[in-house]
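Enquirer: Residues per chain, in single letters:
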Amino acid sequence: MLPSGQRLREYDIAAVEREIEVAPGVFYPAWTYNGQVPGPTIRATEGDRIRIRFANRGSHMHTLHFHGIHGARQDGIPGTLEAAPGQTVTYEFDAKPFGCHLYHCHSLPFKRHLHKGLYGAFIVDPDPERHPEQVEVARSRVLGTPENQRWQELLMVMNGFDTNFDEENEVYAVNSIPHAYMKQPIRIERDRPVRIYLINVTEFDPINSFHLHANFFDYYDHGTTLTPTLRTVDTVMLCQGQRGIIECSFADFEPGLYMFHAHQAEFAELGWMSAFEVVA
Amino acid sequence: MKWRWILPPVLLAGLIALLLSINPAQLLNLNAPPLESLTVERTVLNHDGMTLQVRAEGSEPMKIAQVQVDGAYWEFDQQPPGAIRRLATATVQIPYPWVEGEAHHVVFLTNTGVTIDHLIEVALPTPGFSLSTLLGYGWLGLYVGLVPVSLGMLCYPYLKVLRQRGLMFMLTLTLGMLAFLLVDTLQEGLELATEAAIAFQGQALVWLAATVAFLALLAVGRRRGKSPEGTALSTYMALGIGLHNLGEGLAIGTAFALGEIALGSFLVVGFTLHNLTEGLGIVAPLLKYKLRWTTFLSLAALAGLPAVVGIWVGAFAFSPHWAALFLGIGAGAILQVIVEVGTYLQRRLSQPDGSELSSLGIAGFTIGLMVMYGTAFLVKF
Chain A
802 MLPSGQRLRE YDIAAVEREI EVAPGVFYPA WTYNGQVPGP TIRATEGDRI
852 RIRFANRGSH MHTLHFHGIH GARQDGIPGT LEAAPGQTVT YEFDAKPFGC
902 HLYHCHSLPF KRHLHKGLYG AFIVDPDPER HPEQVEVARS RVLGTPENQR
952 WQELLMVMNG FDTNFDEENE VYAVNSIPHA YMKQPIRIER DRPVRIYLIN
1002 VTEFDPINSF HLHANFFDYY DHGTTLTPTL RTVDTVMLCQ GQRGIIECSF
1052 ADFEPGLYMF HAHQAEFAEL GWMSAFEVVA
Chain B
10 MKWRWILPPV LLAGLIALLL SINPAQLLNL NAPPLESLTV ERTVLNHDGM
60 TLQVRAEGSE PMKIAQVQVD GAYWEFDQQP PGAIRRLATA TVQIPYPWVE
110 GEAHHVVFLT NTGVTIDHLI EVALPTPGFS LSTLLGYGWL GLYVGLVPVS
160 LGMLCYPYLK VLRQRGLMFM LTLTLGMLAF LLVDTLQEGL ELATEAAIAF
210 QGQALVWLAA TVAFLALLAV GRRRGKSPEG TALSTYMALG IGLHNLGEGL
260 AIGTAFALGE IALGSFLVVG FTLHNLTEGL GIVAPLLKYK LRWTTFLSLA
310 ALAGLPAVVG IWVGAFAFSP HWAALFLGIG AGAILQVIVE VGTYLQRRLS
360 QPDGSELSSL GIAGFTIGLM VMYGTAFLVK F
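So the protein sequences, as listed, match chains A and B. Going by our numbering, 844 is the number at position 43 of the first sequence; the sequence numbering is gapless. Going by our numbering, 19 is the number at position 10 of the second sequence; the sequence numbering is gapless.
Since the hints were made in silico from the structure, they are not lab data. Glycine included, every Cβ here is placed at the ideal spot set by N, Cα and C. Please note that the accuracy of each hint is not assured.
[As the list claims (entries may be wrong)] Here are the in silico distance ranges between beta carbons for each label pair:
id : chain 1 : residue 1 : chain 2 : residue 2 : range
1  : A       : Ala-873   : B       : Tyr-82    : 21 to 29 Å
2  : B       : Gly-147   : A       : Gly-1042  : 47 to 55 Å
3  : B       : Asn-55    : A       : Thr-964   : 20 to 28 Å
4  : A       : Thr-964   : B       : Arg-301   : 58 to 66 Å
5  : A       : Gln-888   : B       : Gly-145   : 28 to 36 Å
6  : B       : Gly-137   : A       : Gln-888   : 20 to 28 Å
7  : A       : Ala-873   : B       : Gln-210   : 56 to 64 Å
8  : B       : Thr-203   : A       : Phe-1017  : 56 to 64 Å
9  : A       : Gly-887   : B       : Gly-137   : 19 to 27 Å
10 : B       : Asn-55    : A       : Thr-1033  : 56 to 64 Å
11 : B       : Asp-126   : A       : Ser-805   : 50 to 58 Å
12 : A       : Gly-1042  : B       : Thr-203   : 36 to 44 Å
[Unchecked claim] Which residues of chain A face chain B? A partial, calculated answer using Cβ under 7 Å:
id : residue
13 : His-861
14 : Pro-910
15 : Phe-966
[What the hints assert, rightly or not] Some, not all, of what chain B presents toward chain A, calculated at C-beta under 7 Å:
id : residue
16 : Asp-79
17 : Ala-81
18 : Glu-111
19 : Ala-112
Can you make the complete structure from the sequences, with help from the hints?
Expert: Structure representation (C-alpha cells):
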C-alpha cells in the first residue's frame, strides 16, 4: 500500500534470448520476457499502481509498451524508457482502464521484436466500488473474490511463429504450442461458467479469429465494458493487437469434446486448433 | 577515289547524330519509362548495420529514393549521393540492427516507384579486414589448396616405379580428372555469372574467356612447332588446376563471408582428398624425367596458391563478374591441358604396342572422372 491508500504492485521482468520448442522438434530462437512466450501475465485491479523493473539481458534494444492509459514518459518506445543491452529501466503507472490488454516490446525493427516473442497479457480487473450499478458483474471479474472463484478463467494469446524469417508464419497456436489443447483438451466443469481472456498478437496475418463449436458466447471487446459488446455469437474476429473477453456456459450440455479454433482453416491446420473436454 | 575511304565513317557519325537527336521510338509513338535495374555486388554486416555495394544498370541514371528492410522503411546513407549512372557503383549504409543467423529482406525503392529486392539469406558478421583474418583465411587457403596438391605430387616416387602400361593408365586417369574439372569450372563460372550485373553479360564472358584462354595457351605452348611435354606440360597442367583452385577458393571465401557454410573439419578433409588427386595429375607427365626440387615446388605453388588468393578475394573483395571472368580463363586453361595430354597420348598409342592400351585408357579415363566426382561429394554445398 502506498501512503495515498493506493495498492502498489511490483514486478521484475527481464528480456532474455532463449531457444524455445514451438512444435515437437522445432526450435525457435525467441526473444522472451522472463524466458517464456507469452511473457508473464500482469494482473491488477483498476487504480492500482504498477511498478516494473525491466532488465534487458538480451543483445538488442528492448522496451515494455503497455496498452493502457499512461503519460508519454511511460510509453516504452524507442528513445523513451528503452533499455539497452545490460541496462535496467523502471516503469511506473496506474492500471487503467479495466479490461483485457497486452504489453509488448516497441523497439525497432518493430515487427521482428514482436514476432520473436516479446508480448504478454495485461489484465485490469474493474474496481467494484467504481461501478455501483454493476457491482456483482464487476466483482466476478476481480481475481480472488468468492464471485470470481465460481468462474473458470482461461488466458489465450493467439500467436504464431515465422521460423524461416520469410514474413509468413509456419505455426499458429494459442499460447505458443500448436495443437497443444487438441492433444490435451482443457477440462471444463459444465456447471461453472467459462471466461476467456483472448488476445491476438499474431504477426503478418492481419486478422485472427476464435470460433467455438456447438455453443454461443457473449463477447466484451477489449474487456472495457461490463455489458457485452456482442451477444450470442460463435465467432469473433480480432485484428493485430485486438483483444476481448469471452463468456460462455456449458450448463446442461452433453459431456464430451467441444472444439474451438481459428476459423481461418489455414491457421487451424497449422496449429491453432483446440478443444474443451466438458465434464459433468 | 579518296571519298570512298571517308564515306563509311562520315555516314556512321551522321546516323548516330540523327538517332541521338530524334528518338526512333517516338516514330512508333512508344513512350516507355526508362529501365531501372540494380545489382547488389557485396554485402557487409557489422555493428553499424548493413552496407551494400550496388551497381546500377538502368538505361538512364537512377535514384534510390527509399530503402526497406524486412518490410519497414529505414534511414540510409548513400555514397556517393544522388543518381547512380549506368554501370557505376554506390555504397548504401543502413543502420539496421540485423539479427545474427536470421534472414533479412532488403528492398530498394527508386524515385519512379520501382522496387528491387535483395535477400540476405543468413546474417552473420562480415569478417573485417585485419592481419589476423587475412592470416586465418590464408591458412584456410593453404589447407584446401597447396597442402593437398603438394601431398598428391609427393606420391611421385610411387608413380615412378610404374612401367609403360601403368604410365599410360595414370595419364588417362589424369585426363578423366581434367574432364571433370573442366565441367565443374564452367558450371561454377556460369552460376556466378548469373549474379553479375546484366550489362556484363556474365555467361558470354565465361565462354569468351574460356575460348581466348584456350587458344592463347595452345599457341604459346606450341610456339616451337610441337605440343609441350614433360615439365612444360606439367606447368600448363598446374596453371589450369591453379585457376580451378582459384575458383574453388572464391566459392569458399564468399560462402564463408556470407555464412552459407560452416567449414568444419569434414569439409577440409574433403578438399584435401579432392585436391590430392589434382597433385597426382600434375606429376604424371614428369614420370619419365628427372624432377628437380625447385620445379616441384614451383609447380605446387602454381597449382595450390591460387586457392589462397581466391579465398582472400572471395572474403574481402568479391565481385561476381571478375569471378566469372577468372573461371572462364580457368576453363580455357584446363581445356588446353586436356588437348595437350590427349595429343601426347595419341602419339603414344600410335606406336606398335598402342592398340592394346586403348581399353586400359578408357578405364583410366572413367576412373579419373569417378574419383573426382566421388570426392566432390565431400565438398559440394
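Enquirer: So does B:Gly-147 sit 47 to 55 Å from A:Gly-1042, Cβ to Cβ?
Expert: holds, 53 Å
Enquirer: I want to verify a distance hint. Is the separation of the beta carbons of A:Thr-964 and B:Arg-301 within 58 to 66 Å?
Expert: Holds: the Cβ-Cβ distance is about 60 Å, inside 58 to 66 Å.
Enquirer: Using the Cβ atoms, figure out if A:Gly-1042 sits within 36 to 44 Å of B:Thr-203.
Expert: Hint holds: Cβ distance 42 Å, inside 36 to 44 Å.
Enquirer: Hint says 56 to 64 Å; check whether the CB-CB distance for B:Thr-203 and A:Phe-1017 agrees.
Expert: At 58 Å between Cβs, range holds.
Enquirer: With a cut-off of 7 Å on the beta carbons, see whether B:Ala-81 makes it to chain A.
Expert: This interface hint holds because 5 Å falls under the 7 Å limit.
Enquirer: Given A:Pro-910 was flagged as interface, is its beta-carbon under 7 Å from a beta-carbon of chain B?
Expert: holds, 5 Å
Enquirer: Taking 56 to 64 Å as the hint, is the beta-carbon distance of A:Ala-873 and B:Gln-210 inside that range?
Expert: holds, 57 Å
Enquirer: Between A:Gly-887 and B:Gly-137, does the beta-carbon spacing fit 19 to 27 Å?
Expert: holds, 24 Å
Enquirer: Does A:Phe-966 hold up as a contact with chain B if the rule is Cβ-Cβ below 7 Å?
Expert: Where the cut-off is 7 Å and the nearest Cβ of chain B is about 4 Å from A:Phe-966, the hint holds.
Enquirer: So, A:His-861 near chain B? Judge it on the closest CB pair being under 7 Å.
Expert: Holds. Min distance 6 Å.
Enquirer: Hint says 20 to 28 Å; check whether the CB-CB distance for B:Asn-55 and A:Thr-964 agrees.
Expert: holds, 26 Å
Enquirer: Can B:Asp-79 be said to touch chain A, with a Cβ gap under 7 Å?
Expert: For B:Asp-79, the interface hint holds, since the closest Cβ of chain A sits about 6 Å away, which is under 7 Å.
Figure legend: structure checked against the earlier numbered hints; every hint is met.
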